[in-house]
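Peer 1: Below are the chains, spelled out letter by letter.
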Amino acid sequence: MQSGALTRERDVREAYAAHSGELFGFAVRSLGDRGLAEEAVQETFLRAWRAGDRFDPQIGSLRTWLFAILRNVVIDLGRARAARPGVAEGGIEPAVEPLEEALLSWQVEEAMRRIGEDHRRVLVETHYRGRPYAEVAEELGVPEGTVKSRVYYGLRALRIALEEMGYEG
Amino acid sequence: MKAERPECRDWRLSLGAYALGRLDADQRAALEAHLDGCPQCRAEAESLDTVAQLLPLADPARFDHPAPKPAADLGERIAATIGAERRAGKRRRQRRRFAFGFATAAATAAAVLAIVLLPGGDQGEPAQHISFHSTPADIHIWATLEPHAYGTEIHMYVKGVRSGTLCQVFLRGPHGERVSAGTFRYRWGDDSDAVLSAALDLSRTRALGVRAGNRTFIAPVDSKGATALVKEEQEEAT
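These protein sequences, in sequence, are chains F and A. Numbers 20 to 188, taken from the numbering used here, label the letters of the first sequence in order. Numbers 296 to 533, taken from the numbering used here, label the letters of the second sequence in order.
Bear in mind the hints are in silico, worked out from the structure with no lab data behind them. It is possible that some hints are incorrect.
As the list claims (entries may be wrong) - Below, in silico cross-link-like pairs of lysine to any residue (SDA-like), each with a Cα-Cα straight-line distance of 25 Å or less:
no.: 1; chain 1: A; residue 1: 364; chain 2: F; residue 2: 82
no.: 2; chain 1: A; residue 1: 364; chain 2: F; residue 2: 156
no.: 3; chain 1: A; residue 1: 364; chain 2: F; residue 2: 54
no.: 4; chain 1: A; residue 1: 364; chain 2: F; residue 2: 134
no.: 5; chain 1: A; residue 1: 364; chain 2: F; residue 2: 72
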């Protein structure tokens, strides 16, 4: 058995402790349903364990491998749901965006949650709400130059958070 | 990050506002004059630009919601299922049935999340239509990527930029490296596609970018070839 392979139950427990939060977050975002998302995460770890000796840390990280499996599971669940229209009735609208884009959206939102509050706030106020830097500076009681530099450091922090999540843009 | 020279500090602090299009014309012109002569700051600007292009994908209403957590006992339920499956001796059979599927799942990991990429050419892959989602409302970019033995052929059509605008097209590889695909000029009234090529296999391509004037637009690229392989296996397994 190669080191890093996911062949023992203990390996699965460790992988679950390290990655289940992120996987679940993305599954909820894609499927729009907590119950289905739990099903997806469970299926992901089962498939990972069954194919555990195929995992090669030389090729890519465990996290990347699990996300690739989850991606397939989400596609399968989406198909199964489409084949049984009654199941989705009354439920939350499933994500209609393509899965790659859903993953990227989720990563950006997760990265935004990970950066500091000061940085997030200036990005939200100036970029998403389109407010003038001067107005935001006054509201925060800081010089306008500080808002500008927080936008810079905020984007950098975002880039680092995204890289930590495997994005290599 | 590239090493920052002390004299670059003030320029650096403007790069966020620059990437998000919030400098006025004079500030932008002054900064671009600096970027023309400073490869380090230029690299930083391009890198922030890539991040800035992703922002429209996110919904700010979700930033304040804590990430959802799975039920506390989900880990235990998974462990129990795996334990039961192991005891039932299903594993050997499952492994035979799924072996190929997970080899391709690993291939998808490489192609989609791009930690590692498939070697070699990929002429068997279909052409890919690329969507640029983060462009302003008045700018439209359509592009198709076709795999060839020599790399990737790019057909691109841009609408909404000033006539005569120089468009520099590039692909990004697995490690974020930039492979130039050449340039074209947008001409008003010209409905033809620009045809360009880059020496990077489509399966290794992470993103397609175009710098039109002083704005850069980037769209992610994924490998349909690897996805198709997984689909075939799933049909076989059912």
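Peer 1: Does each hint hold? Answer for all of them.
Peer 2: Verification of the hints:
1. A:364 x F:82: Judged against 25 Å, a Cα distance of about 17 Å means the pair holds.
2. A:364 x F:156: Roughly 35 Å between the alpha carbons, so the hint for residue 364 of chain A and residue 156 of chain F is violated.
3. A:364 x F:54: Cα-Cα ~12 Å, so holds.
4. A:364 x F:134: holds, 19 Å
5. A:364 x F:72: Measuring from Cα to Cα gives roughly 28 Å; hence the hint is violated.
Of the hints listed earlier, those the structure fails to meet are numbers 2 and 5, in rising order.
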